[in-house]
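With these hints in hand, go ahead and build the complete structure from the sequences.
Below, each chain spelled out in residue letters.
There are 2 protein chains.
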Amino acid sequence: MPHLGPLRCRTWAALLGQLLRPPRTVCNRAVGCHSQVAKAVLTSEQLKPHQQKPNFIIKVPKEMLTEKYEDNFGLMYDLEDQGGELLSLRYDLTVPFARYLAMNKLKRMKRYQVGKVWRRESPAIVQGRYREFCQCDFDIAGEFDPMIPDAECLRIMCEILSGLQLGDFLIKVNDRRVVDGMFAVCGVPESKFRTICSSMDKLDKMSWEDVRLEMVAGKGLAPEVADRIGDYVQCHGGISLVEELFKDPRLSQSQLALQGLGDLKLLFEYLRLFGIADKISLDLSLARGLDYYTGVIYEAVLLESPAQAGKETLNVGSVAAGGRYDRLVAQFDPKGHSVPCVGLSIGVERIFYLVEQKMKISCEKVRTTETQVFVATPQKNFLQERLKIIAQLWDAGIKAEMLYKNNPKLLTQLHYCEKEDIPLMVIIGEQEQNEGVVKLRSVASREEVTVNRESLVAEIQKRLSES
Amino acid sequence: MPHLGPLRCRTWAALLGQLLRPPRTVCNRAVGCHSQVAKAVLTSEQLKPHQQKPNFIIKVPKEMLTEKYEDNFGLMYDLEDQGGELLSLRYDLTVPFARYLAMNKLKRMKRYQVGKVWRRESPAIVQGRYREFCQCDFDIAGEFDPMIPDAECLRIMCEILSGLQLGDFLIKVNDRRVVDGMFAVCGVPESKFRTICSSMDKLDKMSWEDVRLEMVAGKGLAPEVADRIGDYVQCHGGISLVEELFKDPRLSQSQLALQGLGDLKLLFEYLRLFGIADKISLDLSLARGLDYYTGVIYEAVLLESPAQAGKETLNVGSVAAGGRYDRLVAQFDPKGHSVPCVGLSIGVERIFYLVEQKMKISCEKVRTTETQVFVATPQKNFLQERLKIIAQLWDAGIKAEMLYKNNPKLLTQLHYCEKEDIPLMVIIGEQEQNEGVVKLRSVASREEVTVNRESLVAEIQKRLSES
Chain B
1 MPHLGPLRCR TWAALLGQLL RPPRTVCNRA VGCHSQVAKA VLTSEQLKPH
51 QQKPNFIIKV PKEMLTEKYE DNFGLMYDLE DQGGELLSLR YDLTVPFARY
101 LAMNKLKRMK RYQVGKVWRR ESPAIVQGRY REFCQCDFDI AGEFDPMIPD
151 AECLRIMCEI LSGLQLGDFL IKVNDRRVVD GMFAVCGVPE SKFRTICSSM
201 DKLDKMSWED VRLEMVAGKG LAPEVADRIG DYVQCHGGIS LVEELFKDPR
251 LSQSQLALQG LGDLKLLFEY LRLFGIADKI SLDLSLARGL DYYTGVIYEA
301 VLLESPAQAG KETLNVGSVA AGGRYDRLVA QFDPKGHSVP CVGLSIGVER
351 IFYLVEQKMK ISCEKVRTTE TQVFVATPQK NFLQERLKII AQLWDAGIKA
401 EMLYKNNPKL LTQLHYCEKE DIPLMVIIGE QEQNEGVVKL RSVASREEVT
451 VNRESLVAEI QKRLSES
Chain D
468 MPHLGPLRCR TWAALLGQLL RPPRTVCNRA VGCHSQVAKA VLTSEQLKPH
518 QQKPNFIIKV PKEMLTEKYE DNFGLMYDLE DQGGELLSLR YDLTVPFARY
568 LAMNKLKRMK RYQVGKVWRR ESPAIVQGRY REFCQCDFDI AGEFDPMIPD
618 AECLRIMCEI LSGLQLGDFL IKVNDRRVVD GMFAVCGVPE SKFRTICSSM
668 DKLDKMSWED VRLEMVAGKG LAPEVADRIG DYVQCHGGIS LVEELFKDPR
718 LSQSQLALQG LGDLKLLFEY LRLFGIADKI SLDLSLARGL DYYTGVIYEA
768 VLLESPAQAG KETLNVGSVA AGGRYDRLVA QFDPKGHSVP CVGLSIGVER
818 IFYLVEQKMK ISCEKVRTTE TQVFVATPQK NFLQERLKII AQLWDAGIKA
868 EMLYKNNPKL LTQLHYCEKE DIPLMVIIGE QEQNEGVVKL RSVASREEVT
918 VNRESLVAEI QKRLSES
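Top to bottom, those sequences are chains B and D. Anchor point for the first sequence: position 244 equals 244 in the working numbering, and the numbering is continuous, going up by one each time. Numbers in the working numbering are just positions in the second sequence, counted from 1, shifted up by 467.
Just so you know, the hints here were simulated from the structure itself, not pulled from any lab data. In this text the structure is predicted, and so the values were computed from the model without any measurement. Be careful, since some hints might not be right.
[Claimed, not checked] Under the rule of at most 35 Å between Cα atoms (straight-line distance), these lysine-lysine pairs were calculated in the DSBU-like manner: (1) B:K399 x D:K832; (2) D:K714 x B:K405; (3) D:K577 x B:K365; (4) B:K335 x D:K886; (5) B:K265 x B:K107; (6) D:K583 x B:K107; (7) D:K574 x B:K388; (8) D:K847 x B:K279; (9) D:K672 x D:K686; (10) B:K279 x B:K247; (11) B:K107 x D:K906; (12) B:K462 x D:K866.
In C-alpha cells form, the structure reads like this:
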C-alpha cells in the first residue's frame with residue numbers, strides 16, 4: 001500500500017480540477033438531490049450572472065421511474081424519506097442523467113460518470129448479476145448534426161476495449177427504427193413488437209430455431225412472419241450490407257427503416273474516418289431491451305474470451321452497450337422540451353471478472369501496492385531514524401513504507417519486499433548512522449550501494465525514472 | 468470535455484491496477500456483498516492456494532447496525548431485499564470496513580476508500596448536511612507497535628489538507644481514555660459520561676459558559692463537577708501539555724487517563740519525527756461523538772476560512788476527523804477476535820464547498836474540460852478532414868475536440884476555444900488541404916503557424932510539453 005506522498009499543489013489542483021470537472025457525477029444522486037451541491041456542478045454556461053437560480057425539484061416521483069423501467073419495476077430498491085415519500089435507488093446512470101439535464105435545463109453536456117447502481121435481484125441465481133454493481137457511462141447530450149456524436153461514442157468504446165486488452169472484440173450496431181420497420185414489413189402486429197423484440201434479444205444465447213419456437217409457439221406469431229424475421233436477423237456486415245438493405249424490396253417499404261438505414265450509412269462513413277470501421281458490424285438481430293432507445297443501438301462482445309485457451313469457459317455476455325435516446329429528457333421536462341442524447345455503459349464487474357480470469361490463466365502477478373521504497377533496519381532501536389527517513393521520502397513524493405514495529409527482524413523486512421514486489425530498500429543501521437549514509441538495495445538483484453543521506457532522494461528518483 | 472484519447476496499454480494497465488489495488492472499495496457494499504466480487508478483492512495473502520474459500524455471510528442484520536449508530540438510528544435508510552430481509556444503506560465507511568475485515572478474517576489491511584454514505588436527514592434543515600454525501604476514508608488495521616500507524620494517519624491528514632491549499636489548519640487530538648479518565652476524576656457519574664461527552668462536543672460552536680449551563684441546568688451535573696471539567700477543557704498545547712498533565716494531581720489518579728497520556732506522548736514524538744508536530748494540538752475539549760473510538764481521536768479545523776477576507780462567513784466545522792477503534796471488528800467476528808484499527812474520514816462536500824467559496828472570492832476560473840486541441844475549419848464541407856485529423860490526434864493521446872456540426876462558423880469555433888480556455892487550435896481549409904498542411908493557432912496569443920500534416924502531432928506534443 002503506497003503512502004500518499006507529499007501532495008504537491010499541482011497534483012492536488014489537478015485532482016480537484018478532476019473532481020470538479022465532471023462533477024455531474026455528484027449530482028446524479030440516488031437519494032434526492034441537494035441544491036447546494038447541484039449549484040456547485042453547474043456548467044460554466046449556467047453561471048452567467050444574469051441567469052436566475054435554477055428552480056430545483058428535489059424528488060422524482062417513483063411513478064416516473066417505474067414507467068422508465070416497466071418490466072424491471074420489481075428490481076428497484078425502494079426506501080422512504082423522512083416525510084414518508086417513496087424513493088428508489090438508481091437502477092442505471094442513464095435515466096438519472098436525463099433527469100439531471102431536464103431539472104437543470106441543460107441543453108448540451110458531455111460527461112462520463114462512474115457509479116453504483118442497484119437491482120433488487122437474488123445475487124446467487126443469475127451468474128454475474130449483482131444487486132449492487134458499478135457502471136461507467138459516457139454520454140453526449142445536445143442537438144447536433146446527425147451521427148457525429150454517435151460515431152464518437154463508438155470510437156470511445158473501441159478505445160476503451162482495445163486499451164483493456166481483453167482480446168479481440170466486435171461492436172454490433174443496429175437502429176431501433178430499422179428493428180421496428182423490419183417488424184412492420186415482416187407482418188408483426190404492433191402489439192407484439194415489444195415481446196418479439198425481447199425474444200430476438202436472446203439470439204446471442206439461443207439458436208434461431210429456439211428463438212423462432214418461442215416466437216411462434218410461445219408468443220403466437222404466425223410462422224411465415226417468424227421466417228421473414230429469420231431472414232433478416234441472420235444478416236450482418238458493414239457498409240455494404242447497409243447499401244443492400246436500402247435496396248431490399250420489403251424493408252425499403254418502411255420509411256422508418258429507411259431513416260435508420262440513412263443514419264447507419266452516415267455512421268459507417270464516420271467510423272471509417274475514425275479508423276474503426278473494421279470493429280463495427282451491422283447486426284439486424286440486435287434489439288437492446290431498454291425501451292428508451294430511439295435510434296442507433298450498439299453492443300460490444302468479445303470474440304474470444306480470455307479463458308478459451310484455458311480450462312474454464314466464460315459467458316459474460318456483452319461488456320459494453322448503448323445507443324441513442326432522444327426522447328428521455330423530454331419526459332422529465334415540465335414543458336416536454338427534448339434534448340437528444342447518445343451514450344454508452346461499460347459493465348465494470350464483467351470486465352473485472354474477465355481480467356481476473358485472464359490473469360489467473362497467464363499466472364500474471366498483480367502488485368497490490370505501488371510502494372517504491374521500503375525503509376528497513378537490521379538493528380534494534382532504529383525506529384526514530386526510520387521515521388525520519390520515511391518522512392524525507394514522503395516529502396519528496398516517493399511512495400514509501402516500513403513495518404509498524406519498533407524492532408522488526410531484517411529477514412521479515414526482506415521477505416516483505418520480495419513478496420510485495422517493492423523495487424528498492426533503504427537500510428539504516430548503526431554503521432550507516434555513524435557515517436551519515438544508508439544502504440540502497442535493489443530487491444530484485446540484491447545489489448546494495450552506499451548512499452549519502454543528503455543524496456538519497458535524488459538517487460532514488462534517478463533509479464525510479466530509469467526503471 | 469476532453470476526449471479519452473487513445474487509451475494506451477500502459478495507461479490502462481495502470482488504471483486497472485489502480486482499480487484492482489484498493490479494491491476493498493468494491494466490497495464494502497451498501498446492499499449485501501457478493502462473493503464473486505469479494506473473491507476478486509482478496510489480498511494476496513488470502514490467495515494462498517492452501518486456503519479454503521472464505522465463507523461469506525452476505526447480510527448483516529439490521530440489529531447490528533442500529534447498535535453501532537445508536538442515537539442516529541432514525542437517520543438510516545432502510546430497504547428490503549427480495550426475501551423481505553431488512554437492509555440499510557451504509558451510514559459511514561468505517562463500520563462496513565470493520566465488518567469486511569471480520570467477514571474475511573483479515574488481520575491487517577491498509578486501504579483508502581472513496582464512497583457515498585447516506586443519512587436520512589431533511590436536507591434543507593441543517594446547512595451543509597446532505598442525505599447522500601461522499602466520504603474519503605483511510606484506515607490501517609492490524610496489531611502493531613503503539614502509535615506508529617496513528618502517527619501516519621495524522622501525517623496523511625496533514626498532507627491532504629496542505630495539498631488542498633485550504634489555508635492554515637490545526638488538528639486537535641485527544642484520547643478517549645483521557646476523556647473518560649477526566650470525567651471520572653472530576654466526579655461525573657458514569658451514567659452521565661455519554662451525555663456530558665456530547666455537551667462537551669459542542670465547544671467548537673458554543674462558549675464554555677453555555678456548555679456549562681447545559682451540563683448543570685440541562686443535565687443535572689453538580690456545578691463543582693462542571694467547573695472541574697471547565698478547567699481541563701480549556702487546556703490545549705503540544706507535548707509540554709502532555710508532560711504537565713502527567714503531573715496533574717487529579718488526572719494522574721486515573722490509570723485510564725495515564726494510559727492515554729502515555730500514548731499521546733509517544734504520538735507527539737513520532738509527529739515531531741514526521742515534521743508535523745506544529746500542526747497538531749492536544750485539546751482536552753475534543754470528545755468525538757461516535758461511540759466506537761477507544762484511543763486517540765482527532766479532528767482537523769481550518770484556522771482561517773477562505774471567505775474571511777470576503778463578504779460571506781463560513782462555518783463548515785471540521786473538514787476531517789478520525790481516531791482509533793480497537794473493538795469494532797470484534798463485534799462482527801463470530802468468535803470475537805479483535806483487529807485494532809485507526810483511521811480518518813475526509814468530508815468531501817465540505818471541502819468542495821470551501822474550494823468553491825475560495826474560487827468565488829479570488830474570481831479564479833476553473834477549466835471545465837482538459838481539452839488541449841480544438842479542430843476547426845473556416846470553410847464548408849470540411850467535416851471529413853476534421854474527423855480524420857481529430858482521429859489522428861486521439862490516436863496520439865492528445866485530448867482533442869471539435870464541434871459536432873457539418874459546417875460550423877469559424878467565429879463560433881474561435882469563441883468556443885476562448886471560452887473553454889483551450890490552448891491550441893488546428894485549422895484546416897481549402898488552401899491548407901491543397902498544400903498538405905494545417906494552421907496551428909495559439910488561442911491566447913492568436914499567433915498562427917503553418918505545419919505539415921505529418922509533423923502535426925509532434926509539433927502539438929512539443930508545444931504541450933513546453934507549456
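Verification of the hints:
1. B:K399 x D:K832: holds (32 Å)
2. D:K714 x B:K405: This hinted pair holds, its Cα atoms lying about 29 Å apart.
3. D:K577 x B:K365: holds (20 Å)
4. B:K335 x D:K886: holds (30 Å)
5. B:K265 x B:K107: Since the Cα atoms of K265 of chain B and K107 of chain B sit roughly 27 Å apart, the hinted pair holds (cutoff 35 Å).
6. D:K583 x B:K107: holds (28 Å)
7. D:K574 x B:K388: This hinted pair holds, its Cα atoms lying about 27 Å apart.
8. D:K847 x B:K279: It holds: about 30 Å lies between the C-alpha atoms, which stays within 35 Å.
9. D:K672 x D:K686: holds (19 Å)
10. B:K279 x B:K247: Distance ~24 Å between K279 of chain B and K247 of chain B Cα, so the pair holds.
11. B:K107 x D:K906: holds (31 Å)
12. B:K462 x D:K866: With Cα atoms ~29 Å apart, K462 of chain B and K866 of chain D stay inside 35 Å; holds.
Violated hints: none; the structure is consistent with every hint.
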